[in-house]
Structure formats: C-alpha cells, structure tokens
Amino acid sequence: DDVSSDGTQAMLARMAAEDERIRVILSDTNAGTYVAKNRAMQLANGGFAYWPGGTEANRYGSAYATWVLGRAIKAGYAVPDDMYAAALNYLSVEVGAWMAEAAPTRGRDIEIALALSALAVIQAAPTPALDKLYARRQGMPSFTKAMLLLALHDQLPNDPRNATLLGELRSFIDEREAIARVEDDTGTWTWYWDSSVRSSALVLLAYLEVDPQHVLVPKLTRGLLDSRRGGRWSNTQENAYALVALAEYAAIYEAVEPHFEGRVWLDRSAVARVRVDGRKFEFEEGFTGMSALLLADQQDPDSSRLLLERAGVGRMYYRVGLE
2 DDVSSDGTQA MLARMAAEDE RIRVILSDTN AGTYVAKNRA MQLANGGFAY WPGGTEANRY
62 GSAYATWVLG RAIKAGYAVP DDMYAAALNY LSVEVGAWMA EAAPTRGRDI EIALALSALA
122 VIQAAPTPAL DKLYARRQGM PSFTKAMLLL ALHDQLPNDP RNATLLGELR SFIDEREAIA
182 RVEDDTGTWT WYWDSSVRSS ALVLLAYLEV DPQHVLVPKL TRGLLDSRRG GRWSNTQENA
242 YALVALAEYA AIYEAVEPHF EGRVWLDRSA VARVRVDGRK FEFEEGFTGM SALLLADQQD
302 PDSSRLLLER AGVGRMYYRV GLE
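Those letters in the sequence shown? Residues 2 to 324, by our numbering.
A hint or two may mislead.
Calculated pairs, DSBU-like style, for lysine-lysine (alpha carbon to alpha carbon, straight line, at most 30 Å) [unchecked claim]:
| id | residue 1 | residue 2 |
| --- | --- | --- |
| 1 | K75 | K38 |
| 2 | K133 | K75 |
| 3 | K75 | K281 |
These are calculated hints, taken from the structure and not from any lab test.
Sequences are here, hints too, so could you generate the full structure?
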C-alpha cells in the first residue's frame, strides 16, 4: 500500500476524479481528430501506412493502430464501422499468412502477438494462431509474452495457459523492496518500440487483467511512476502504455471514493490520526512527538507493534517515517 508515498495517490485520485471531464474533452476534440488522422493513413487493404502519404502498410504499426481503435470503441468513442472492419480484416489476413509460414522469424512473431491482441479486443483472435504463438513463446521478449497473454486472456479467460504465461513473465521482473521493473534484453527490439518502461507497463497490464490483486501490482505501479523524468516518460510509446496501465490500475484500486479515518497505533496507544473525505491532491499528515512514542513504547517494551488502521471506505496509501 506504499505505492504512492511520493505523489501517486494525488495523480491517481486526479485521474479518477476528472475521468468524466477528460472523457468529454476527448470526445469533443482530440478523439475525433486522431481517428480522422488515422483514417487518412489507412490504405485500401485496411492496413495503415507508417507515415502520412505512405503507400505501403506497416504491419506492426497497423496492429497498434487497430488495438488503439478497439480500445477507443470500448471506451465509447466514435470510430467508423468500415474503418475498423477493414483494419480487422487486414490483421486477419496477416495472421493467416503467418500461420502458413513454416518457420516464421522472431520479428514476425512479435508483429503477430500485437495483431492477436488487437483482434482479441473483440474476441476475434483465431484460436489456432494463439496455440501456435504460445508454442513458439520460448525466447520471446517480455513485451511479446505480455501481448500474447493479453490476447489469450481476452479470448480465453479461463485457459490454464494464462497462469503459465503470468508465471513466466515473473522471471523478467526485477523486484526490490518497494518497486519492481521489467529488465530483459530491452534495446534488442527497438524496431518494435521496445524499452524497459514500455515492457514494465505491458507486464503490469497483464497482471491487472489476469491477477489484479497480485503483490507485484503495486510494486510495478510504483516502478513505472519512479521512471518518470519531469513528469513524463521518454517517448510516445512509453507515455501511452504507461498511462493505459495506470488508468487500469486506478479503475481497480481507486474505484471507491475515499471516506475514512486513518489511525496509527503503538500497541494500545493512538499516536496519530488523519481524516480523508473525497479525492484530494494533497496528503494529510499525522505527527507524533518522540516523547509520546517513547511513553507508548514503555507500556510493553518487549513487544511493541506499530499498527495502521483504516476506519471507513476507500484505499488508504501511507508512508511511515521516523526522525
């Protein structure tokens, strides 16, 4: 629960509190503009050019654009039916071509992992393709395994292979006392926009979807936030996936508006308390002098315990410090 000792609570609270306002802004302005820009880059075969004015579809970029469009539709934004259908058809053709390849390259596997993830948003990922990619998963980078897991779980949520993949993702995670990050051969797959931050965000998304209460979820969240420089990450891919992962985290962990009293006890002595009503952008501080702590400790010096209590509803983030 120490996820947000340096500002996470404020950011997540702000995201949750302003969700409807942000939705209106995007609906009225940016979302329609970006859909129109993407449509201008869509080619006759349904794929998307990498740059405006391009004449050849980029397979990985097309899969990413389709994944974004699918999430936009699920969030309630307007996407032309024919545009989305053509994009899905393009990906289906690509998956079919990959299925016919006797020995696909690792790069092709990476492209197909994202394509299947985009198709699985509407449960349109072919099961034989998921089976083939799962069988080829050894040696995959972490972000590709995370994409495969997201596709498999969207398509087949009760498949036991979901748990297997989640366990395999664990081997990529560098876990410390308070944070966790994904560390693998990042940098090898820069053509596919690979980075440690983006991989951490994708792995966090996979955990949130398959096992949202896992002990690594708060640590991965903290690791993502600690990776910011000047309030943001290094590039558009890191910003996009990190914000998607944090929004999913907020939807699960910040669903209930907080109304509680937080209390700190040293055994039977209440040494600090704070009141939280509604979503706030600042911290409440409860301070207790050393003399009071020593007095409480003297009541049972051999077994004094520091206890934290939340009386009320909502998630309580805390940081305990001693000077």
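Results of checking the hints against the structure:
1. K75 - K38: holds (19 Å)
2. K133 - K75: holds (28 Å)
3. K75 - K281: holds (29 Å)
The structure fails none of the hints (numbered hints given earlier).
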